[in-house]
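S.K.: Start from the sequences and build out the full structure, keeping to the hints where you can.
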Amino acid sequence: MKEAECRNWAEVPPELTSSILHRLGAIEILENAQKVCRSWRRICKDPSMWRKIDMRNDLDVFGNLKPGLEKMCRHAVDRSQGGLLEIEICSSNLRRLKLALCYPITEDGFAKAFVKLPLLENLEVSYCSLSEEPLKVAGKSRPNLKTLKLNSVGYRRPGNESDDEEALAIAATMPRLRHLQLFGNRLTDAGLNAILDNCPDLEHLDLRHCFNVNLVAEVEKRCSERIKVVRRPHDSPHVISCWSQLPL
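FYI, the numbering for the sequence shown is 1 to 248, going by full-length UniProt numbering.
These are computed hints drawn from the structure, not numbers from a lab. Worth double-checking, as some hints may not be accurate.
List time: in silico DSS-like cross-link candidates among lysine-lysine, alpha-carbon distance up to 30 Å [said to hold, decoys possible]:
#	residue 1	residue 2
1	K146	K98
2	K112	K45
3	K146	K71
4	K221	K136
5	K116	K136
6	K52	K71
7	K146	K136
8	K52	K98
9	K45	K98
10	K149	K71
11	K71	K45
12	K140	K228
13	K112	K146
14	K52	K35
15	K116	K98
16	K98	K228
17	K149	K116
18	K71	K98
19	K136	K112
20	K35	K140
21	K221	K149
22	K136	K228
23	K149	K112
24	K45	K116
25	K71	K116
26	K112	K71
27	K149	K136
28	K149	K228
29	K71	K35
30	K116	K52
31	K45	K35
This structure is a prediction, so every number in the text was calculated from the model and none was measured.
M.R.: Listed below in structure tokens is the structure:
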């Protein structure tokens with residue numbers, strides 16, 4: 001093909017280029033397309049390009065992300081700048097699952113997905129509208145779960161109603177927990193005692209903004225003697241905005 005007949009991709013309207021690039025997968029964009037020219041790179045970095053990420057074809061024969069692709073997946077999510085609407089990764093070997101601000105997720109959908117993740121060790125459910133029932137499913141199907149982060153928003157002042165249902169579900173079904181974060185939970189000392197009674201391996205406990213927990217007398221003693229790291233209800237929340245970064 002003569003040089004004069006070659007298409008100058010840099011002169012193609014951005015809207016058309018974006019439409020073309022949307023047909024590519026995340027890996028193809030990150031590894032190749034964004035390196036074509038500056039205009040393509042600028043389009044590839046636009047958050048609107050990353051509202052849907054499909055990496056189902058980027059798994060090895062064992063269902064794992066191929067070497068180096070986990071980092072690329074994280075990079076793709078970062079590029080969405082909070083605008084990610086859908087991500088598709090098909091793998092039963094998932095070890096860590098984080099659900100944040102996933103209001104549309106149903107309890108039935110959560111339960112069906114969770115039983116298909118036999119190797120899961122780390123679960124975070126932050127600012128989602130789920131009751132204690134999915135926690136029971138999670139604990140019963142994965143009794144070896146080591147880390148649970150269950151964070152709530154909008155409960156920041158003492159005096160709100162108490163509720164130990166989630167704490168009791170954790171105590172009854174997650175005996176191998178080592179790390180537990182219950183930011184903004186409504187549990188009381190009774191719920192905390194149940195967790196301490198049934199989770200003997202617990203090493204890190206985060207109770208920030210759990211204002212129904214008093215941590216006095218025997219409860220305080222049990223936490224101090226058994227738990228390596230305890231974050232108390234009135235400790236600094238550090239970063240609590242659900243729109244920027246979740247509690248650490």
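S.K.: It remains to establish, for every hint, whether it holds in the given structure.
M.R.: To see whether the hints hold, each was checked on the structure:
Between the alpha carbons of K146 and K98 the distance comes to roughly 14 Å, so the proposed pair stays at or under 30 Å and holds. A threshold of 30 Å between alpha carbons decides the hint, and for K112 with K45 the separation of about 35 Å lies outside it, so the pair is violated. For the suggested pair K146 and K71, the alpha carbons sit about 23 Å apart, so the restraint of at most 30 Å is met. With a C-alpha separation of about 28 Å, the suggested pair K221 and K136 falls inside the 30 Å cut-off, and the hint holds.
Proximity of K116 to K136 is assessed by CA-CA distance (about 15 Å); at most 30 Å being required, the pair is judged to hold. Note on K52 and K71: the hinted pairing holds, with a Cα-Cα distance of about 17 Å set against a maximum of 30 Å. Straight-line distance between C-alpha atoms of K146 and K136 comes to about 15 Å, which keeps the hinted pair within the 30 Å bound. Our distance criterion of 30 Å between C-alpha atoms is met by K52 and K98, whose separation comes to about 17 Å.
For the hint pairing K45 with K98, the CA-to-CA distance comes to about 24 Å; that is within 30 Å, so the pair holds. Using a Cα cut-off of 30 Å, the hinted pair K149 and K71 holds, with the two alpha carbons roughly 23 Å apart. Between K71 and K45, the direct Cα distance comes to roughly 16 Å. Compliance with the 30 Å bound is thereby established for this hinted pair. A C-alpha spacing of about 26 Å is found between K140 and K228, which places the hinted pair at or below 30 Å, so the restraint holds.
With a CA separation close to 20 Å, the supplied pair K112 and K146 stays within the 30 Å bound. Straight-line distance between C-alpha atoms of K52 and K35 comes to about 21 Å, which keeps the hinted pair within the 30 Å bound. A distance of roughly 15 Å separates the Cα atoms of K116 and K98; the hinted pair therefore holds under the 30 Å criterion. Restraint check: the Cα-Cα separation between K98 and K228 comes to about 24 Å, which is no more than 30 Å; the hinted pair holds.
Pair hint K149 plus K116 holds up; C-alpha atoms about 20 Å apart against a cutoff of 30 Å. For the hint linking K71 to K98, the alpha-carbon distance of about 16 Å falls within 30 Å, and the restraint holds. In summary, the hint linking K136 to K112 is supported, as the alpha carbons are separated by about 13 Å, within the 30 Å threshold. In summary, the hint linking K35 to K140 is not supported, as the alpha carbons are separated by about 48 Å, beyond the 30 Å threshold.
This hinted pair checks out: K221 and K149 have alpha carbons roughly 23 Å apart, not beyond 30 Å. Under the criterion of a C-alpha separation no larger than 30 Å, the hint pairing K136 with K228 is consistent with the structure, at around 26 Å. Taking the CA atoms of K149 and K112, the gap is about 20 Å. The hint holds against a cut of 30 Å. For the hint linking K45 to K116, the alpha-carbon distance of about 34 Å lies beyond 30 Å, and the restraint is violated.
About 23 Å separates the Cα atoms of K71 and K116, which keeps this hinted pair within 30 Å; it holds. For a cut-off of 30 Å, the pair hint linking K112 to K71 stands: about 27 Å separates their Cα positions. The suggested pairing of K149 with K136 holds, with an alpha-carbon distance near 15 Å, which does not exceed 30 Å. Taking the CA atoms of K149 and K228, the gap is near 17 Å; set against the 30 Å cutoff, the hint holds.
For the proposed pair K71 and K35, the alpha carbon gap of about 18 Å is at most 30 Å, so the pair holds. Between K116 and K52 the CA atoms are separated by roughly 23 Å; this keeps the pair inside 30 Å, and the hint holds. A hinted pair counts as satisfied when its Cα atoms are at most 30 Å apart, and K45 with K35 qualifies at roughly 11 Å.
Figure legend: structure checked against the earlier numbered hints; hints not met, in rising order: 2, 20 and 24.
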